Amino acid sequence: MHISDGILSTPILIGGACVAAAGVAQGLRKIEDNDIPKTALLTAAFFVASLVHVRIGPTSAHLILNGMAGILLGWAAFPALLIGLLFQALLFGHGGISVLGVNTVAIAVPAVGAGLMFRRMVHRETSPRRIALMAGLGAGLCIAATALFSAAVLALSGRAWLRTAWVLLVAHVFVMAGEAVLAYFIAAYLLRVRPALLLGRPLAA
Amino acid sequence: METLFALTNVDFAYGPDRPTLSGISMTLDANDRVALTGNNGSGKTTLLHALVGLNKPQQGEIHAFGRQRRTEKDFYEVRLRAGLLFEDSDDQLFCATVAEDVAFGPFNLGWPRERVAAAVDSTLARLGLSHSRDLSAAELSHGEKRMAALATLLAMNPAALLLDEPTNGMDQAHIDVLIQTLQDTEAALLIASHDHAFLKRIARRSLRLENGRIAS
Amino acid sequence: MIGQPDQTRFRFKPDPRALILGVGLWTILFVLMQTPRALALAGGLALILAKAVGASWRTLIRRMAALNALLIFLLPLMAVESFALSAWPWRLAPDRLILFAAVALRANAILILAQGLVGAMDMATLGHALVHLRCPPKLAHLIVFSARYLDLLRHEWNRLYRAARMRGFRMSIGLRTWRVLGALVGGLLLRSLDRAERVLYAMKCRGYQGRFFMLHHFRYTAADAVFVLTLALAGGIVIWLDRM
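Residue numbers (the working numbering), protein chains in the order written: chain A, 1 to 205; chain B, 1001 to 1216; chain C, 2001 to 2244.
You may find that some hints are simply not true.
No farther apart than 25 Å at their CA atoms in a straight line, the calculated lysine-lysine pairs in the DSS-like style are these [as the list claims (entries may be wrong)]:
(1) B/Lys1073 <-> B/Lys1056
(2) C/Lys2051 <-> C/Lys2013
(3) C/Lys2204 <-> A/Lys30
(4) C/Lys2204 <-> B/Lys1073
(5) A/Lys30 <-> B/Lys1073
(6) C/Lys2204 <-> B/Lys1056
Simulated DEER-style distance windows between Cβ atoms [said to hold, decoys possible]:
(7) C/Ile2061 <-> A/Ile14: 50 to 58 Å
(8) B/Thr1027 <-> C/Gly2024: 58 to 66 Å
(9) B/Gly1128 <-> A/Val193: 50 to 58 Å
(10) C/Arg2179 <-> B/Asn1039: 33 to 41 Å
(11) B/Lys1200 <-> A/His53: 27 to 35 Å
(12) C/His2155 <-> A/Asp33: 27 to 35 Å
(13) B/Thr1027 <-> A/Lys30: 53 to 61 Å
(14) C/Glu2081 <-> A/Lys30: 44 to 52 Å
(15) A/Arg192 <-> C/Ile2048: 53 to 61 Å
One side only, chain C facing chain B, incomplete, derived with CB under 8 Å [said to hold, decoys possible]:
(16) Thr2059
(17) Arg2063
(18) Val2199
(19) Tyr2201
(20) Met2203
(21) Cys2205
To be clear, the hints were calculated from the coordinates, so they are not data collected in a lab.
A quick note: this is a predicted structure, and the numbers were derived from the prediction, not measured.
We treat Cβ as the ideally placed atom computed from N, Cα and C, and that holds for glycine.
Just chain A, same shape as in the assembly (with noise of 0.2 Å):
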C-alpha cells in the first residue's frame, strides 16, 4: 500500500513529513543499543517478506505486515517500516522519496497502536489461540486505518482523487482480510515454536 509521487498536495506531503518526523523520532528513542542488531534484522526480514505477492480475492497483491511489524517492534515499528519504504522507494520503484512521509505515517501508526494493543490485551492471557486471534485482529484493524488513512489523504488532495479513495478502501477490504488472516496463522506458528518471541514471557505461568 502506497500512494505514488506526484499526487498529493503539497500542505499533505509537509504534513505527512513533520508527523513521519516525530514518529521515527520516537521510535529511534525506544530502541537501545542492544536492540540495533534486532531492529536492523527484522527490518529487513518485513522487507523481504513485504516482497512476496500473494493472490487476494480477484488480485494480488504483496504482504504489508505492517500489524506484525508493530507487534515485534513496538514502536521501533516505525524507523523500520520507514527505511522499508525508502528501500521500496529506491530500489523497486513502488510509492516514492516525496510521498515517503504520508507513507510512512499511514503504515507506521496504526502498526505502533496494533503493537500498544496487542501487548495490553495479550498481557497474562494463556490460550494460544486467542492470542493469536489477537494478532489477527490486531493486523486487519491495522490495515483498516492504513487505508482510511491513505484515503482520506488522496480525497483531501483535490475532488478529482475521489472516485480513487473509494476504489482503494474497496480494494482493501480483500487485503485487510488477507493480512489478518496471515498474522493468525504467524502469531500461531510463533507461539507454537517460541511464545517468548511474541509475549516476551513463556506462554504458561
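Starting from the known structure of chain A, arrange chains B and C on it as the hints suggest.
Showing chains B and C alone in chain A's frame:
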C-alpha cells in the same frame, strides 16, 4: 607459564532439561595450542561461548586473565583480549565494508584513528584480503568471508583465539593461508573442528568433548 | 543482488552527499511545480542527471513501465467527468486531463531522480552519507545494517519457500495457503531474530558499547559545490518557467 583461562566444574544448560556442559574443568595457557574435538552437539560451541561470557554457567567458576569472571561487565575485558571466531561468518561481518568490520574492534579498544587505519591495512595485507577492503561481505566468497572474520579478530591483537570450525567451507588455498597465519601468531589457540588434518598441523594437544563432558 | 549500483562505463561521480542534496532539492522543486510544460522539462533534466551519475536504461525503463501502468489505471478513475449511464459515451474532463498530465510527469520525474540516486550508490554509501548530512546516526546505521542483511534474508526466504514447494505447496486462495504462508513468514522472522542475537554476540565480542564507527570519509571537492549550484540554478530556471 601464564594461564589465560581456567575453568573448574563448569555446568551449563540452555533449558532445565537440556544439560549441555557438565563438570568441565580445563585450562588454556599462553602459547597453548589446543584442539577441541567431539561430535555435533557435544557442546564445543557452547564451551567457546562460555569462555567469553556469551553463556553464563549455572555452576562452576571461570577464571580468565587473572580474575574470576561472572558478570557481563567482567567479561567485557575478556572479550577484548580473546577473539572468538563464529561458526557463521555472516554473523561477524555486520558492517558495510570489510575494512569497517576490521576497524570495529580496534575503535572499541579506543585506539586513535590513524592507529586503527594502520591496523586495518596491515591485517588485511597479512591475510591476503587487501583487494576486498572496500567490498561488502555479501560480495565475498565463503573462504574470503572466513578470512575476513579472522581479520576482525587479529586486528585487535588478541592474547587468545577461540576458533569455531575455522576451515568450514574453505578451499585449500585459504586453508594454507589460515595455517600459515595461525602458525605465525603468538596468541593461544583453542580450535573446535572436525578437520583432523588441519588440527594435526596446528594443535599440540587436544581435548575431546562427549555429551558435554571432557573425555580425554 | 539487491541494491548494488548499476555498472555503466561513463559516469560522473559526485560526492554522495552532494548527490543526495541535489536530488532532495529537485524533489522538493518538482513537488511545487504545477504546469505540465515545466514538469516535462524537469523530467528531461532528471533523466540527464540520472544517466550522468550511472542509472541504466534497463532499470529506468522497467521502473517507469510499472509506474505508468498504474497511472493508466488511474486515468479514467480521476479524469472521466461522470460514470453515469446517461453520460455515455464517457468523456474525459479537459481540466482533469491537464491535472493528470502534471501528476504523471511529476511522478515519472521523481522516479527518475530516485533511480539516479541508487544507480550511483549502494545503500551502505547512502547510509554513510546520511550520517554526514546530520541524519540521526542510529537511523543511518539501521539503514546500513539492514541493507547488509537484505540478500541473506532473501536467500533464507527462497530456501524456505522452495522447501515448501518441494512438498507440494502452491499459492492459491484457500485457507491452507495462508496457514503455510504464516509458517513461512514466521520462520523467516524467527531466523532473522536468531541471527540478530548472534550478530549482537559478535558485536559484544569486539567490545560493542553502543557506538558505530566510520572508516571512510568523503572528500567534498570544488566540483561538488559546482554540481550542487548547477542543480540549484537549473531548478530555479524551471520553477521560473512554471510560474510564468
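So which of those numbered hints doesn't the model satisfy?
Hint check: 7, 9, 11, 13, 16 and 17 fail, others pass.
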